[in-house]
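Residue numbers (this note's numbering), protein chains in the order written: chain A, 1 to 114; chain B, 1 to 114.
Any given hint could turn out to be false.
Listed below are several chain A residues computed to face chain B (Cβ distance under 8 Å; list not exhaustive) [what the hints assert, rightly or not]: (1) 7; (2) 11; (3) 16; (4) 24; (5) 28; (6) 44; (7) 46; (8) 47; (9) 51; (10) 91; (11) 101; (12) 106; (13) 107.
In silico EDC-like cross-links for lysine to aspartate or glutamate, where the CA-CA straight-line distance does not exceed 16 Å [to be verified]: (14) A/92 <-> A/3; (15) A/101 <-> B/26; (16) A/45 <-> B/79; (17) B/71 <-> B/38; (18) A/101 <-> B/79; (19) B/70 <-> B/30; (20) A/101 <-> B/30; (21) A/42 <-> A/15; (22) B/14 <-> B/52; (23) A/79 <-> A/57; (24) A/2 <-> B/59; (25) A/42 <-> B/38; (26) A/92 <-> B/59; (27) A/79 <-> A/5; (28) B/14 <-> B/79; (29) B/70 <-> B/102; (30) A/92 <-> B/62; (31) A/101 <-> A/3; (32) B/70 <-> B/59; (33) A/79 <-> A/39; (34) A/92 <-> A/5; (35) A/45 <-> A/3; (36) B/71 <-> B/52.
In case anyone wonders, no lab produced these hints; they're calculated from the structure. Even glycine gets a Cβ: it sits at the ideal position worked out from N, Cα and C.
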Amino acid sequence: RKEVEQDPGPFNVPEGATVAFNCTYSNSASQSFFWYRQDCRKEPKLLMSVYSSGNEDGRFTAQLNRASQYISLLIRDSKLSDSATYLCVVNKRTSNTGFQKLVFGTGTRLLVSP
Amino acid sequence: NAGVTQTPKFRVLKTGQSMTLLCAQDMNHEYMYWYRQDPGMGLRLIHYSVGEGTTAKGEVPDGYNVSRLKKQNFLLGLESAAPSQTSVYFCASRSGRNFTYEQYFGPGTRLTVT
């Protein structure tokens, strides 16, 4: 089982639609959660952190369910510019050194059409 | 600030050749990372560094070596390239402050080994 699992998509939606992505993680000790955005042939960039109480940034809303080990990202009023791959990211403490590293999901591809 | 830069952007190697990828950051970050990204695999950590003069293995270190002689630079070396090392390589850095796990990525190096 992968440590972070996402539906690869693609999700094809029209402009203005609402779309939701889900992600599950296997390490119950994880403390920090993120959504990164990656445009085609570009580097990943942080979209938003995910907090236990849920958080919103404009059209984007992230939710965390620790009991189910589940993270979601909701995008409202989709724009053409939202077309990208969205990576679910979870931190993990390495057992030998205690170093915190990030574990990346393979990403969910979103295509927004006119 | 230039952020995180990587050189070269593209490279084609023949099996058995060697090369060094350079990563530089101007944000005074303590931590630096090298990842590879392959289709369907997500980002996988090759090596990382928690400070100048220190390096450690990630999850896929075989065939790679690294050095961090200066805080702002992190070098990734391939001593004898293999076709399995064809990939996109991303460097990242982050601050060493506690609970700040956001990583900033460079633009990537696309490496093809024939």
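Results for each hint:
About 13 Å separates the beta-carbon of residue 7 of chain A from the nearest beta-carbon of chain B, more than 8 Å, and the hint is not met. Hint on residue 11 of chain A is violated. Least Cβ distance to chain B is approximately 17 Å, over the 8 Å limit. Here the hint on residue 16 of chain A is broken, as its CB sits about 30 Å from the closest CB of chain B, past 8 Å. Against a cut-off of 8 Å between C-beta atoms, the interface hint on residue 24 of chain A is violated, since the closest Cβ of chain B lies about 14 Å away.
With its C-beta approaching chain B no nearer than about 18 Å, residue 28 of chain A sits outside the 8 Å limit, and its interface hint is violated. Look at residue 44 of chain A: its Cβ gets to within about 5 Å of chain B, closer than 8 Å, so that hint holds up. Interface restraint check for residue 46 of chain A: the shortest CB-CB distance to chain B comes to about 5 Å, inside 8 Å, so the restraint holds. At a threshold of 8 Å, the smallest CB-CB gap from residue 47 of chain A to chain B is about 11 Å, leaving the interface hint violated.
Interface restraint check for residue 51 of chain A: the shortest CB-CB distance to chain B comes to about 12 Å, outside 8 Å, so the restraint is violated. The criterion of a C-beta within 8 Å of any C-beta in chain B is met by residue 91 of chain A, whose closest approach is roughly 5 Å, and the hint holds. Below 8 Å, beta-carbon pairs count as interface contacts, and residue 101 of chain A has one with chain B at about 6 Å; its hint therefore holds. Nearest Cβ of chain B to the Cβ of residue 106 of chain A: about 4 Å, under the 8 Å cut. The hint holds.
A hinted interface residue such as residue 107 of chain A counts as satisfied when its beta carbon comes closer than 8 Å to some beta carbon of chain B; here the least separation is about 7 Å, so the hint holds. With a CA separation close to 10 Å, the supplied pair residue 92 of chain A and residue 3 of chain A stays within the 16 Å bound. Among the hinted pairs, residue 101 of chain A with residue 26 of chain B is inconsistent with the structure: their alpha-carbon atoms are about 21 Å apart, more than 16 Å. About 30 Å separates the Cα atoms of residue 45 of chain A and residue 79 of chain B, which puts this hinted pair outside 16 Å; it is violated.
Between residue 71 of chain B and residue 38 of chain B the CA atoms are separated by roughly 28 Å; this puts the pair beyond 16 Å, and the hint is violated. Proximity of residue 101 of chain A to residue 79 of chain B is assessed by CA-CA distance (about 26 Å); at most 16 Å being required, the pair is judged violated. Among the hinted pairs, residue 70 of chain B with residue 30 of chain B is consistent with the structure: their alpha-carbon atoms are about 11 Å apart, no more than 16 Å. Restraint check for residue 101 of chain A and residue 30 of chain B: satisfied, since their Cα atoms lie roughly 14 Å apart, inside the 16 Å limit.
Between residue 42 of chain A and residue 15 of chain A, the direct Cα distance comes to roughly 23 Å. Violation of the 16 Å bound is thereby established for this hinted pair. Distance restraint check for residue 14 of chain B and residue 52 of chain B: the Cα-Cα separation of roughly 32 Å exceeds the 16 Å cut-off, and the hinted pair is therefore not satisfied. This hinted pair checks out: residue 79 of chain A and residue 57 of chain A have alpha carbons roughly 15 Å apart, not beyond 16 Å. Note on residue 2 of chain A and residue 59 of chain B: the hinted pairing holds, with a Cα-Cα distance of about 14 Å set against a maximum of 16 Å.
For the hint linking residue 42 of chain A to residue 38 of chain B, the alpha-carbon distance of about 13 Å falls within 16 Å, and the restraint holds. A C-alpha spacing of about 12 Å is found between residue 92 of chain A and residue 59 of chain B, which places the hinted pair at or below 16 Å, so the restraint holds. About 25 Å separates the Cα atoms of residue 79 of chain A and residue 5 of chain A, which puts this hinted pair outside 16 Å; it is violated. Among the hinted pairs, residue 14 of chain B with residue 79 of chain B is consistent with the structure: their alpha-carbon atoms are about 12 Å apart, no more than 16 Å.
The suggested pairing of residue 70 of chain B with residue 102 of chain B is violated, with an alpha-carbon distance near 22 Å, which exceeds 16 Å. Restraint check for residue 92 of chain A and residue 62 of chain B: not satisfied, since their Cα atoms lie roughly 21 Å apart, outside the 16 Å limit. The hinted pair formed by residue 101 of chain A and residue 3 of chain A meets the criterion: a straight-line CA distance of about 13 Å does not exceed 16 Å. In summary, the hint linking residue 70 of chain B to residue 59 of chain B is not supported, as the alpha carbons are separated by about 24 Å, beyond the 16 Å threshold.
About 14 Å separates the Cα atoms of residue 79 of chain A and residue 39 of chain A, which keeps this hinted pair within 16 Å; it holds. Using a Cα cut-off of 16 Å, the hinted pair residue 92 of chain A and residue 5 of chain A holds, with the two alpha carbons roughly 15 Å apart. Between residue 45 of chain A and residue 3 of chain A the alpha-carbon distance is near 20 Å, which puts this suggested pair outside the 16 Å criterion. About 5 Å separates the Cα atoms of residue 71 of chain B and residue 52 of chain B, which keeps this hinted pair within 16 Å; it holds.
Hints 1, 2, 3, 4, 5, 8, 9, 15, 16, 17, 18, 21, 22, 27, 29, 30, 32, 35, counting from the list given before, are not met by this structure.
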